[in-house]
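Student: Residues per chain are reported as follows:
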Amino acid sequence: MSAGKSSGTEGSHGDPHLAHHFDTPTQQFESGRLGMWIFLATEILLFGGLFCAYAVYRSNHPDIFIYAHRYLDVPLGALNTAILICSSLTMAWAVRCAQLGKQRGLVILLALTLVCAFGFLGVKAIEYQHKWKHGLLWGERFAPAGEPEHGESQKENAAPAPNASPSHSAAEAVADKAASLLATATKRKRPSNVHIFFGIYFLMTGLHALHVIAGMTVIGWVLARSLRGHFTGGYFTPVDLVGLYWHLVDLIWIYLFPLLYLIH
Amino acid sequence: MESEHTHTHIVKLRVLLAVWGALLVLTYFTVAATYVDLGSLNLWVAMGVATLKGSLVALYFMHLRYDRPFNAIVFVTALVFVMLFVSLALLDTVHYKPEMIPGYAPALESPQVGE
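In order, the protein sequences belong to chains A and B.
Once you know that position 49 of the first sequence is 246 in my numbering, the rest is easy, because the numbers rise by one and skip nothing.
Once you know that position 106 of the second sequence is 108 in my numbering, the rest is easy, because the numbers rise by one and skip nothing.
Check the hints yourself; a few may be wrong.
Dumping the calculated SDA-like pairs for lysine to any residue here, alpha-carbon to alpha-carbon at most 25 Å [as the list claims (entries may be wrong)]: (1) K299(A) x Y68(B); (2) K14(B) x A308(A); (3) K299(A) x G41(B); (4) K299(A) x W22(B); (5) K328(A) x L276(A); (6) K14(B) x G302(A); (7) K386(A) x L19(B); (8) K321(A) x K14(B).
It should be emphasised that the hints constitute simulated quantities derived from the structure, not laboratory data.
Could you build all of it, start to finish, from the sequences and the hints given here?
Tutor: Here it is as structure tokens:
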């Protein structure tokens with residue numbers, strides 16, 4: 198645009214927002230949307246790697262997931278799901294206001310979206326703090342202070358035989374050891390390698406939280422621009438694209454919530 | 003009307019609020035469904051509800067329903083490749099020998115342990 202011969206941002210079209218390499222604002226808008234969708238596709242592939250790790254570990258170690266998900270707080274997770282859904286509504290509504298050129302509505306709804314995002318991070322911080330306090334962390338940092346339901350404290354990577362019944366280990370060496378192991382794992386003792394669940398939990402929710410922070414940054418930017426009256430019914434591309442990004446953040450959480458919190 | 007330059011679909015406020023309500027109801031439903039024992043079906047119910055919610059977000063909040071179809075093609079292609087990635091990885095992982103490290107994958111050592 199700056200390289201154009203006609204001075205300033207006006208270009209040859211007379212529309213200050215229309216870059217010189219586009220014919221019409223609609224073409225420019227559609228190109229922007231397509232670019233955003235391609236970026237969102239790469240985001241889905243980025244999270245796809247973590248979803249794959251989740252699927253492989255859960256199919257190999259269902260006992261770990263059944264055991265460890267009890268450490269997560271379902272009401273807090275559900276609350277965060279509701280918060281993100283509400284923020285998606287306010288974002289979609291903000292885009293609608295931008296399309297209609299409603300300045301005040303746009304500012305209020307963007308601010309509400311930002312408030313919801315802060316709420317989500319606040320709840321997430323409470324959850325992380327709780328896990329940090331109780332040693333529910335990844336890898337070698339995993340050192341839980343107590344059991345979720347049974348007050349049994351057993352060392353990690355201990356022998357698979359539960360200390361409650363030593364005769365059990367003789368029986369499981371022979372046959373149906375899988376069934377008995379699974380039964381004991383879910384009922385009596387902690388299965389080994391529970392830290393894998395928390396590694397996956399922190400990676401998935403952590404990457405998601407980073408996306409929430411990135412989303413808040415761009416929402417803040419769009420909010421600042423809308424306060425200065427940059428957007429009209431004819432030009433609202435940044436609001437629309439930020440909205441798409443925010444909805445993707447919501448979309449990913451819609452899958453993370455049942456996969457991590459609601460394991461049966 | 004007011005968008006004299008850019009021709010885009012403006013989603014009705016009624017539709018946005020209906021989608022929002024449906025998303026909250028589905029969230030309540032998916033939480034309630036975990037307390038009902040459906041065996042291995044629980045996972046599929048949870049994933050089905052999540053996909054329904056995701057579709058509502060994509061179609062109405064993200065305007066895919068009113069958009070040019072090419073954007074939906076980009077989106078669905080990414081999802082298909084993720085599914086391909088996960089399912090091929092799952093096919094492969096079953097073929098590792100669980101007995102190589104005793105007790106490492108107890109669920110794989112017996113064929114009838116499904117849940």
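Student: All hints, please: hold or fail.
Tutor: Status of the hints after comparison with the structure:
At roughly 21 Å between alpha-carbon atoms, K299(A) and Y68(B) fall within 25 Å of each other, so this suggested pair holds. For the hint linking K14(B) to A308(A), the alpha-carbon distance of about 21 Å falls within 25 Å, and the restraint holds. Taking the CA atoms of K299(A) and G41(B), the gap is about 50 Å. The hint is violated against a cut of 25 Å. About 21 Å separates the Cα atoms of K299(A) and W22(B), which keeps this hinted pair within 25 Å; it holds.
Taken as a hint, the K328(A) and L276(A) pair is honoured in the structure, with Cα atoms around 18 Å apart against an allowance of 25 Å. Restraint check for K14(B) and G302(A): the C-alpha separation of about 15 Å stays at or below 25 Å, so the hint holds. Between K386(A) and L19(B) the alpha-carbon distance is near 47 Å, which puts this suggested pair outside the 25 Å criterion. About 33 Å separates the Cα atoms of K321(A) and K14(B), which puts this hinted pair outside 25 Å; it is violated.
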